[in-house]
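Number of protein chains: 2
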Amino acid sequence: MEKLKEVKGGICAAKGFRAAGVGAAIKYEGRNDVALVVADAPCTAAAVFTTNKVAAAPVLYDREAVKGGKVQAILANSGCANACTGAKGLADAKLSALVTAGELGVKPEHVLVASTGVIGRPLPMDRLLAGMKSAAASLGRTPAHALAAEKAIMTTDTRPKEAAFSAKIGGKTVTVGGMAKGSGMIEPNMATMLGFVTTDAAISRAMLKRALSLALAKSFNRVVVDGDESTNDSLFLLASGEAGNAPIVKAGADFDSFLAALEAVCVSLARQMATDGEGATKFVTVTVKGAKSAKDAERAARAIAKSPLAKTSWFGKDPNWGRVLAAVGYSGADVVDLETEVFYDRVWAFRRGTVADAAQLEKLAAVMKKDSFTVTVDLHLGKFEDTIYTCDISLDYVHINADYTT
Amino acid sequence: MEKLKEVKGGICAAKGFRAAGVGAAIKYEGRNDVALVVADAPCTAAAVFTTNKVAAAPVLYDREAVKGGKVQAILANSGCANACTGAKGLADAKLSALVTAGELGVKPEHVLVASTGVIGRPLPMDRLLAGMKSAAASLGRTPAHALAAEKAIMTTDTRPKEAAFSAKIGGKTVTVGGMAKGSGMIEPNMATMLGFVTTDAAISRAMLKRALSLALAKSFNRVVVDGDESTNDSLFLLASGEAGNAPIVKAGADFDSFLAALEAVCVSLARQMATDGEGATKFVTVTVKGAKSAKDAERAARAIAKSPLAKTSWFGKDPNWGRVLAAVGYSGADVVDLETEVFYDRVWAFRRGTVADAAQLEKLAAVMKKDSFTVTVDLHLGKFEDTIYTCDISLDYVHINADYTT
Chain A
-12 MEKLKEVKGG ICAAKGFRAA GVGAAIKYEG RNDVALVVAD APCTAAAVFT
38 TNKVAAAPVL YDREAVKGGK VQAILANSGC ANACTGAKGL ADAKLSALVT
88 AGELGVKPEH VLVASTGVIG RPLPMDRLLA GMKSAAASLG RTPAHALAAE
138 KAIMTTDTRP KEAAFSAKIG GKTVTVGGMA KGSGMIEPNM ATMLGFVTTD
188 AAISRAMLKR ALSLALAKSF NRVVVDGDES TNDSLFLLAS GEAGNAPIVK
238 AGADFDSFLA ALEAVCVSLA RQMATDGEGA TKFVTVTVKG AKSAKDAERA
288 ARAIAKSPLA KTSWFGKDPN WGRVLAAVGY SGADVVDLET EVFYDRVWAF
338 RRGTVADAAQ LEKLAAVMKK DSFTVTVDLH LGKFEDTIYT CDISLDYVHI
388 NADYTT
Chain B
-12 MEKLKEVKGG ICAAKGFRAA GVGAAIKYEG RNDVALVVAD APCTAAAVFT
38 TNKVAAAPVL YDREAVKGGK VQAILANSGC ANACTGAKGL ADAKLSALVT
88 AGELGVKPEH VLVASTGVIG RPLPMDRLLA GMKSAAASLG RTPAHALAAE
138 KAIMTTDTRP KEAAFSAKIG GKTVTVGGMA KGSGMIEPNM ATMLGFVTTD
188 AAISRAMLKR ALSLALAKSF NRVVVDGDES TNDSLFLLAS GEAGNAPIVK
238 AGADFDSFLA ALEAVCVSLA RQMATDGEGA TKFVTVTVKG AKSAKDAERA
288 ARAIAKSPLA KTSWFGKDPN WGRVLAAVGY SGADVVDLET EVFYDRVWAF
338 RRGTVADAAQ LEKLAAVMKK DSFTVTVDLH LGKFEDTIYT CDISLDYVHI
388 NADYTT
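Residue numbers (my numbering), protein chains in the order written: chain A, -12 to 393; chain B, -12 to 393.
Treat the hints with caution; some may be incorrect.
Here chain A is said to cover these stretches of chain B; the calculated rule only asks that three of the stretch's residues, wherever they fall, bring their Cβ under 8 Å from a Cβ of chain A [unchecked claim]:
no.	region
1	81 to 90
2	106 to 116
3	182 to 192
4	321 to 333
5	360 to 373
Cut-off 25 Å, straight-line C-alpha distance, at most; resulting in silico cross-link-like pairs (DSS-like, lysine-lysine) [to be verified]:
no.	chain 1	residue 1	chain 2	residue 2
6	B	K196	B	K94
7	A	K40	B	K370
8	A	K370	B	K40
9	B	K282	A	K40
10	B	K40	A	K276
11	B	K196	A	K282
Rather than coming from a laboratory, the hints here were simulated on the basis of the structure. Keep in mind the model is a prediction, meaning the values are calculated, not measured. For glycine and all other residues, C-beta sits at the position ideal for the given N, C-alpha and C.
Make a model of the complete structure from these sequences and hints.
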């Protein structure tokens, strides 16, 4: 497999895509809140949505729209989720897709819509559509255009999130680039997250869907912030085919190269989301190994990543292996405490019944001061392993979510 | 069924029990940390323990000890959980039961032990046993003795917790009294909680176990603080038989009267635990009704009670029905958002697609200022209902758990 190369340009890095982001005062003045991503021609498309039974209007709309398999444009807004808005919400989603199609000269069934923000308020259609028109007039292919779009989908995010990687496939350079938003309500199955990924790979829809599903499992579905799942999560993948590679229609080296680039983009975006978790001061990679089964490894790692007690201990720079072990204990995974080891980075805190002494705690203290570290639990019961990306729970997490208004 | 009467005296309210609590400097100077509860004669006993696979040494010890069916004394300490302490921890638990039995002149197999506090540290046996002797010398039957014992099992609790109720059974007054500790790591299945309940009812062991199981389901197993479950949870129920009622050996009016008193004690203790949830500023009763099944009602109520986003919104005095609905949506319960109503106390916030307007928000604001309120979700899909007791997540929750030390 060819080596991956990280490249610039985010959602505009692949050939055949333009983007724009503008301010339309959907909720606040003076910030970008309407984004457009537009392909030069209809793209092969795949999408994944929230599993929340209270799904927002744009999700209900897109689930139908994407069945056609082709997408040429995405209209997205922040500031209003268009969720729990009933028939009017669905009509607003449809109308905004229709008007966007007219403005761009593309087919209405090739337009997806995405919203994020407060639940239960109607979309301010006048401002949204005015913003869409202004965005359509400012579309471009530069990194600055990509950045403007990234900024327009941010809610409590503190930073825009983008990633792009290229790979060689049959002598051609194939690029995958993307943008995402999301910093709260993340877990499981990509909660309040919007992720848009574009590629110039030529690939069949079946293989595109398969690649998205595989990449998702290793990235967005492995991020935990607070354990809540939103009504609006959507991940779109559009393939323009402009790279000129021989179309990928089956498993093999070409597919693997494409998948590697897609995974690199998705894992990068997922890690950026955990790093930017609401109020987060620590990015924490939780790895459970030596599990009896894959299921055990996953649930133990998720339990640790979701434990409010473990998360607050990280915020307090405390290498509290007891809370980590307790979380494994109630996760449902098989565990024998006296067979288990707990490490922060490569420094052990608990080793088969032996507890860190003063000298060891000093080494651990150095790890806990870092902005980013790994918590590794080795169960020594089998050979299965899983990794979850997460963050701490800080005072600011509570501030942000207590002050966010209905 | 006779009317219940609330009475004073906590763990000493029922006939035949003495208690004591003393300071033994297990972790801190100047506070009670060793408690004894002693019956005048061996009692019929029932117990329930944590389901965490990482169970503490006292839990491992008690699980065996309680199989005999008789208990006469409980030794409990705070400051050290005696968890993840291996063979030495188990030996320490056994030894402390043995020495306690010798001191009190009771059979070793009639002594239970309980510990709560930091995980992974050995019990300071010298101090624990010195404390036990001092407690044995100060046993008594007054409310002050009960209070001293309650204080000795507190960790991050801010208040001691006791309750007692009496009922008439066949002309005799039967009393049930108890004490509990626990304010973090609570949920599900009574996490870090110690609960000791005594009664003077004459009752068979089979009926005692049945009553405990029924009362547990409506009380401690319906409390959520942060979703973590501890390694040390234990709930003990001791019946002295001194009330002189005709022994309860089967279902019927007598059993129902006893169960009502036991439930009243357990629900009171459970509510005190949620009210005293770490850093809690609000006691919140979450009721889901109109569910398609009992399972749906429970999981929807639990999802709301566990949602960090809902909990932080309550702290922020925000009637955020959107986060409540989103939690129901990912709970797995059947829900149709536009059929659903959400109330804070009796004030609606979301009603089948209609969202609270400014006038309604003003009414809601008055509810959100209260220290205690109810969140009710009516799914309008069936006739099942469940209730979970919980609290908000505050800045102090993070403070307390970030500063608690390994």
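Status of the hints after comparison with the structure:
Here the region 81 to 90 of chain B counts 0 residues with a CB under 8 Å from a CB of chain A, which misses the bar of 3, and the coverage is violated. Coverage of the region 106 to 116 of chain B by chain A holds in this model, with 3 residues showing a Cβ closer than 8 Å to a Cβ of that chain against a need of three. Residues of the region 182 to 192 of chain B with a Cβ under 8 Å from some Cβ of chain A number 0, which does not satisfy the need for three, so the listed coverage is violated. Remark: the region 321 to 333 of chain B is confirmed as covered by chain A, as 4 of its residues place a Cβ nearer than 8 Å to a Cβ of that chain, reaching the required three.
With 0 residues having a Cβ less than 8 Å from any Cβ of chain A, the region 360 to 373 of chain B misses the three-residue criterion, and the hint is violated. Among the hinted pairs, K196(B) with K94(B) is consistent with the structure: their alpha-carbon atoms are about 22 Å apart, no more than 25 Å. For the given pair, K40(A) sits about 20 Å from K370(B) by alpha-carbon distance, which is consistent with the 25 Å threshold. Of the pairs offered as hints, the one joining K370(A) and K40(B) holds, with about 20 Å between alpha carbons and a cut-off of 25 Å not exceeded.
The straight-line distance between the Cα atoms of K282(B) and K40(A) is roughly 16 Å, inside the 25 Å bound, and the hint therefore holds. This hinted pair checks out: K40(B) and K276(A) have alpha carbons roughly 17 Å apart, not beyond 25 Å. Taken as a hint, the K196(B) and K282(A) pair is broken in the structure, with Cα atoms around 34 Å apart against an allowance of 25 Å.
Violated hints for the displayed structure, listed by number in ascending order: 1, 3, 5, 11.
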